[in-house]
Amino acid sequence: MEYPDRCIRGIPNETYLTDGGVAAHLFYFDFQYTRDDGWIEQSVNWEDNKDAIPFTINQKTTQGKQFKAGVAIVPRNQIDNIKSAPTIRGALSYERKSLSDNPYHGNLLLISGTPPVKMKLIAASLALQVSEIVKQ
Amino acid sequence: MISQFIETDTQNVLSVGDVKAKTAVSEHAYITFGSDVQSVLTVGDVRAEMSASEHPYITRGGSFGRKYISGVEEYSIIAPALKAIREAKDKQLAEKARQLLLKLLELVGRFRMLSAPLRAFNADDGSILIEWIFHNFRIGFTIEPKQEESGWYLVSNKELGEIHAYGYLSGMDNRKLLAWLFGFVMTNS
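If you're matching them up, the sequences are chains X and H in order. Here the first sequence stands for residues 1 to 136, where the numbers follow our numbering. Here the second sequence stands for residues 1001 to 1189, where the numbers follow our numbering.
For the record, the hints were derived by calculation from the structure and aren't laboratory data. Treat each hint with caution, since some may be false.
[Stated by the list, open to error] Below, a list of computed lysine-lysine pairs in the DSS-like style, where the Cα atoms sit at most 30 Å apart:
#1 X:Lys83 - X:Lys68
#2 X:Lys68 - X:Lys50
#3 X:Lys83 - X:Lys97
#4 X:Lys68 - X:Lys97
#5 X:Lys135 - X:Lys83
#6 X:Lys135 - H:Lys1176
#7 H:Lys1089 - X:Lys65
#8 H:Lys1091 - X:Lys68
#9 H:Lys1103 - X:Lys68
#10 X:Lys135 - X:Lys60
#11 H:Lys1176 - X:Lys68
#12 H:Lys1158 - H:Lys1089
#13 X:Lys135 - H:Lys1096
#14 X:Lys65 - H:Lys1083
[What the hints assert, rightly or not] Beta-carbon label-pair distances, calculated as ranges:
#15 X:Thr34 - H:Gly1167: 21 to 27 Å
#16 X:Ser98 - H:Leu1177: 43 to 49 Å
#17 X:Lys50 - H:Ala1116: 33 to 39 Å
#18 X:Gly20 - H:Glu1162: 33 to 39 Å
#19 H:Ala1179 - X:Gly113: 29 to 35 Å
#20 X:Asp101 - H:Ser1170: 18 to 24 Å
#21 H:Glu1162 - X:Met1: 34 to 40 Å
#22 H:Asn1188 - X:Ser112: 31 to 37 Å
#23 H:Leu1107 - X:Lys50: 31 to 37 Å
#24 X:Arg76 - H:Ala1116: 27 to 33 Å
#25 H:Ser1076 - X:Gln59: 21 to 27 Å
#26 H:Lys1158 - X:Met1: 47 to 53 Å
The C-beta atom is built at its ideal place from N, Cα and C for all residues, glycine as well.
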């Protein structure tokens, strides 16, 4: 399967922004989203074309804009570097999973059983590699 | 607990809990609450009585022992994190996070190092995240509701070797860990 060069993570609100970047907990995995195949999902969009970021910025819930503070961009080659790090290998992956109302949708995946501190190490690694923030 | 800024008229004596302080005009004093008052310190125009078990943070220049941090700059390193922690719903967790920040501040004062401020965040999973963020790396501490799950991490980009180190905070001498992490900060910030 082919993937684009960049991954888009929505920023729910300003509390995730700090010092010109994002805090690690923007990329925390929620263990309640564990699937039967043993992976834990974290929603992202893939930047398949120039419309992907505006599409994500404008995503809405019943309470208005879903990502009030914009979106964070992570280069996929950096995700691959993190995936292959000796202390992380096997714990992190990603996938496409388009939805009827979102063709760009995908997931970052964390293997279940990962201890919280290791999950947060991975989250911090992703946050460190954010190359761009596009604000609302 | 660090009190708010207090500005006084000349010669006035302030009482905040067990701590008294006298400040000059337009001085800003950071005063801790103490108990079992045991010692009296005088630095410039600021006089404070405090418990020997407390770590006071007092302005007006000049350090007077390793328990005490002088100046506004060192305190400003943890001030944003302390402010965020006050909003944590779990007060016991907030106190653990505060204690960690005080240990970090003690080390900062010892190394006389001024750097980027520490940040704290109240995460949706009920934990408190403390991050020290630099351009090429970041250090984090996670204070978890289950104490045995609290941990630390150091991550760096390619320029600094793509480090992905982590460990637990409980059951270890945290001062040695913090000193090691500070060594990394001093070398690379």
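Task: Hint numbers not upheld by this structure, sorted from lowest to highest - done: 6, 9, 11, 12, 13, 18, 20, 21, 23, 25, 26
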